[in-house]
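Asker: With chain A fixed as given, assemble chain B onto it according to the hints.
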Amino acid sequence: MGGLYAIYRKEMGHYFVSPIAYILIGIFLFLSAVFFNAILTAVINESFQMEMRSMQFGAPSSFDAPSEVIRSFFGLLATLILFLAPLLTMGVYAEERKRGTMELLMTSPVSELEIVLGKFFASLSLFTVMLSPTAIYLIFMVLHSDPRMPWRILLAGYAGVLLLGGSLLALGSFVSSLTENQLIAAVIAFAATLFIWVIDILARKTDGGATAVLQYLSVIRHYEDFTRGVIDTSSLIYYGSFIVLFVFLTVRSVDSMRWRRA
Amino acid sequence: MIEVQDLTKSYGAVTAVDHVSFTVNKGEILGFLGPNGAGKTTTMRILTGYMPATHGTARVAGFDVFTDSMEVRRRIGYLPENPPVYPDMTVETYLDFVARIKNVPAERRPGRIDDALRKTNLEDRRSELIKRLSRGYKQRVGIAQALVHDPEVIILDEPTVGLDPKQIIEVRNLIKGLAGNHTIILSTHILPEVSMTCDRVVIINKGKIAAVDTPQNLTSQLKGGQKIRIETDAPEKPLRDMLAQIPGAGRVAIEPARAGGHQAVTVEAAQGNDIRNQIAAKIVEHGWPLYELHGVSLSLEDIFLELTTDDAAHAQASS
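Chains as they are written, first to last, in the working numbering: chain A, 149 to 410; chain B, -3 to 315.
Hints are computed from structural coordinates only; laboratory data are not their basis.
Any given hint could be a false lead.
What the hints assert, rightly or not - With a cut-off of at most 30 angstroms between alpha-carbon atoms, the simulated DSSO-like pairs for lysine-lysine come out as follows:
no., chain 1, residue 1, chain 2, residue 2
1, B, K204, B, K172
2, B, K22, B, K202
3, B, K134, B, K115
4, B, K278, B, K223
5, B, K115, A, K246
6, B, K172, B, K202
7, B, K204, B, K22
8, B, K162, B, K22
9, A, K246, B, K278
10, B, K202, A, K246
11, B, K172, B, K162
12, A, K246, B, K22
Stated by the list, open to error - From the derived model, a few chain B residues whose C-beta atoms are all more than 10 angstroms from chain A:
no., residue
13, M(-3)
14, Q1
15, D2
16, E24
17, R104
18, D110
19, L170
20, G173
21, I186
22, S191
23, R196
24, K223
25, D229
26, I279
27, G283
C-beta atoms are modelled at their ideal positions from N, C-alpha and C, and glycine is treated no differently.
Same shape as in the complex, but just chain B:
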């Protein structure tokens, strides 16, 4: 449905998006994850035809976003970073205006507006002026605006910003409900959002793609995929020597015991190399007290930090 090839966008000397390629299949929800300023918004703006790319191509439903911009725009619903609303309009007249400029035929307009209002839970606010709505409601009007012409592709730039936790859950459920009939790209810098709503994740940092995969695979397949957490009151030096001898054991971090607790040890282990039994056997062999030993999967949070922190900072952290 969406094919992006080698997309690059430079503003003078600054490269906001750097040779980005990915595809989105029909009916899929793709999450765009990255820190602020990573190039998420720029990529989305290119896809919606708002700005041209410096280099590379992007196709939506088979149409090039630059040469067939009108065809692409007909098929896209877009929520920019700030909801593009007119404060002096009521919710309903605003949606009517958007439906008109999106070429929704007159006889279908009332039905489409009702549908968008229902999906975003705005039915009781339809005749209220947009300037009187709270930030969360304005955001919902922005989402309704992206749905009103029933587009094939929906692009949402940070759809849950400014919403309270209950509204965030509603919006996530709404987005999940839209998948299947619509192809969706959403951007966020909130990690749980991606694992909760998206089929696939593109992690982008400094304009470059750091990883593309399903949230599950990203969580389980990363290098050093597993951490093992041990609680044992062993002396630090012999414990380190012992762990260093176990093949497959990586970086070791030791937290000294807190009052009433035990010393906590975290060992990184290579993917597909379960060394928990060996560690347990060695600890018992040395006669150290063992209170707890369990594997911890890296959370999306860890992966994200690993992929997006500076290489220098990362090297420092691991040394």
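Chain A extracted, bound-state conformation:
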């Protein structure tokens, strides 16, 4: 497993000397901060209105503002991730193939699995780094909520983001292993992402026998459980199998480079 660690180290080094990581992290943090601010403002206004109404009619307020913020904010994070993950992974293999360094890796005593896992864990680490500053906003919100909101909702939310992100990174890495061209890798990964959206929309709109299947297949539907603080075993299994499937496909794809020309 020394090979896996070497690949991981190399990938991390590569991310942090290339401008793309900084650009993506910058865009992500800027957008998430702007939207967090907007969501918080909207929810606070709404909760004032609820309070006023409850005072008018005398009924106790049942509006759970922090949960509302968390649900909206994690929903927004999912949207950002869907569009940023393909950019994080587009070069993972495509660049390596283009530069000819794949030939070095594949003639070294490291297995394809070590290469693929090393790269996957590196992209997941970068993703975690990108995500972590957003926790500050939510931690502050939880600390100032009254009654105090349980931490597990926040933790479940982040577990969901990491699983969703891991799935999209595994998918994007697989796409990147299919081509030498980073741009094509990004475009195909976007197309796959759009397909995920479509499945989700269909799962919401249709009814009948297909709905249950579509709902289970929807990457986003599983994520919503987490943002409500629910960690469902079937969702864990879903994301686990999604990641394992695409890691496996990437290993096969890397291995198949040996059998293709050039």
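Answerer: Same frame as chain A, but now just chain B:
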């Protein structure tokens, strides 16, 4: 050290390597000589475990390159056609990365890196980013990468491409210095490179082996092994008739005299059949002026062209 048996690689209908067999002994430098597209790179890629062969076997240090790929990869240092470098890394971190993926233990890594840097004359560039290096330096980083884990077998695909003449000499000396402790295969389409560095040469063309021998033997033992060059102002027709009567004389080429010079005649002679004295005697007998007469060994260049040009083109040339 390296045994290749009946190796064949086809890409669909194209056969890049066609039933190639050869062996390389321990400590030897084997040159792979052939025009571009002859199958040199494909053969090397199979030996390094980068791609599998369609047919046939190759063994490195007793391990099959396909079934024991990991064992083979541990023992091989490989410089592909383009140096496989990461432009964003410094020379030193790059070599450290390669040493790690080649399983060099942590305590030996700094020593090995220093050694590779010293051998390739890169010590003063160790903390420079690879993207800032010139083509020649990148090529040297590529060579350093192939040496960093002190492998038993070193495979170099066109190691002197992109280097200036001084660097080419340095790299050749480096390669010669590595022989003995390492078994080396290098490919090239530059002929003098082979005669200068290699113990043995495999000439490959269109995926097939055209010849395997030492550079010396190839130069001296080829069919029609000798050419005789004569400068004489003899009339062309009688001269041709005279030469045709000498047993062992082959093709005759006559260049007309240039201003202030003499007519130059080249006669091909069969191997081991010295006919220079007979030609001299006949010329003197006819009373023609003789200015020069000497034997010319076929250069590796001639052999190469002879072995690698199309049979059709060759037939045309000799008729």
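Asker: Take the hints in turn and mark each one as holding or not.
Answerer: Hints, verified against the model:
Between K204(B) and K172(B), the direct Cα distance comes to roughly 27 angstroms. Compliance with the 30 angstroms bound is thereby established for this hinted pair. Restraint check for K22(B) and K202(B): satisfied, since their Cα atoms lie roughly 27 angstroms apart, inside the 30 angstroms limit. Distance hint between K134(B) and K115(B) is fulfilled; the C-alpha atoms sit about 14 angstroms from each other, no more than 30 angstroms. Taking the CA atoms of K278(B) and K223(B), the gap is about 18 angstroms. The hint holds against a cut of 30 angstroms.
The suggested pairing of K115(B) with K246(A) holds, with an alpha-carbon distance near 28 angstroms, which does not exceed 30 angstroms. Restraint check for K172(B) and K202(B): satisfied, since their Cα atoms lie roughly 28 angstroms apart, inside the 30 angstroms limit. This hinted pair checks out: K204(B) and K22(B) have alpha carbons roughly 24 angstroms apart, not beyond 30 angstroms. At roughly 29 angstroms between alpha-carbon atoms, K162(B) and K22(B) fall within 30 angstroms of each other, so this suggested pair holds.
About 66 angstroms separates the Cα atoms of K246(A) and K278(B), which puts this hinted pair outside 30 angstroms; it is violated. At roughly 27 angstroms between alpha-carbon atoms, K202(B) and K246(A) fall within 30 angstroms of each other, so this suggested pair holds. For the suggested pair K172(B) and K162(B), the alpha carbons sit about 16 angstroms apart, so the restraint of at most 30 angstroms is met. For the proposed pair K246(A) and K22(B), the alpha carbon gap of about 35 angstroms is over 30 angstroms, so the pair is violated.
For M(-3)(B), the non-interface assignment is confirmed: its Cβ lies about 17 angstroms from the closest Cβ of chain A, beyond the 10 angstroms cut-off. Consistency note on Q1(B): stated as away from chain A, and its beta-carbon is indeed over 10 angstroms from all of that chain's, at 20 angstroms minimum. Under the 10 angstroms C-beta cut-off, the non-interface status given to D2(B) relative to chain A holds; the minimum distance is some 20 angstroms. No Cβ of chain A approaches the Cβ of E24(B) within 10 angstroms, the least distance being about 21 angstroms, so the stated non-interface status holds.
Every CB of chain A lies more than 10 angstroms from the CB of R104(B), the least distance being 13 angstroms, so the non-interface label holds. D110(B), annotated as away from the interface, keeps every beta carbon of chain A farther than 10 angstroms; the closest lies near 19 angstroms. Once the 10 angstroms rule is applied to beta carbons, L170(B) is consistent with being away from chain A; the minimum gap is 20 angstroms. For G173(B), the requirement that its beta carbon stay farther than 10 angstroms from each beta carbon of chain A is met, with the minimum near 23 angstroms.
Against chain A, the non-interface label of I186(B) holds: every CB pair exceeds 10 angstroms, the least being about 21 angstroms. Listed as outside the interface, S191(B) is consistent with that label: its C-beta sits roughly 29 angstroms from the nearest C-beta of chain A, beyond the 10 angstroms cut-off. Every Cβ of chain A is farther than 10 angstroms from the Cβ of R196(B); the closest lies at roughly 24 angstroms, confirming the non-interface assignment. Every Cβ of chain A is farther than 10 angstroms from the Cβ of K223(B); the closest lies at roughly 42 angstroms, confirming the non-interface assignment.
Chain A leaves D229(B) outside its interface by the beta-carbon criterion, the shortest separation being 58 angstroms against a cut-off of 10 angstroms. I279(B), annotated as away from the interface, keeps every beta carbon of chain A farther than 10 angstroms; the closest lies near 58 angstroms. Remark: the non-interface label on G283(B) is consistent with the geometry, its nearest Cβ contact in chain A lying 66 angstroms away (cut-off 10 angstroms).
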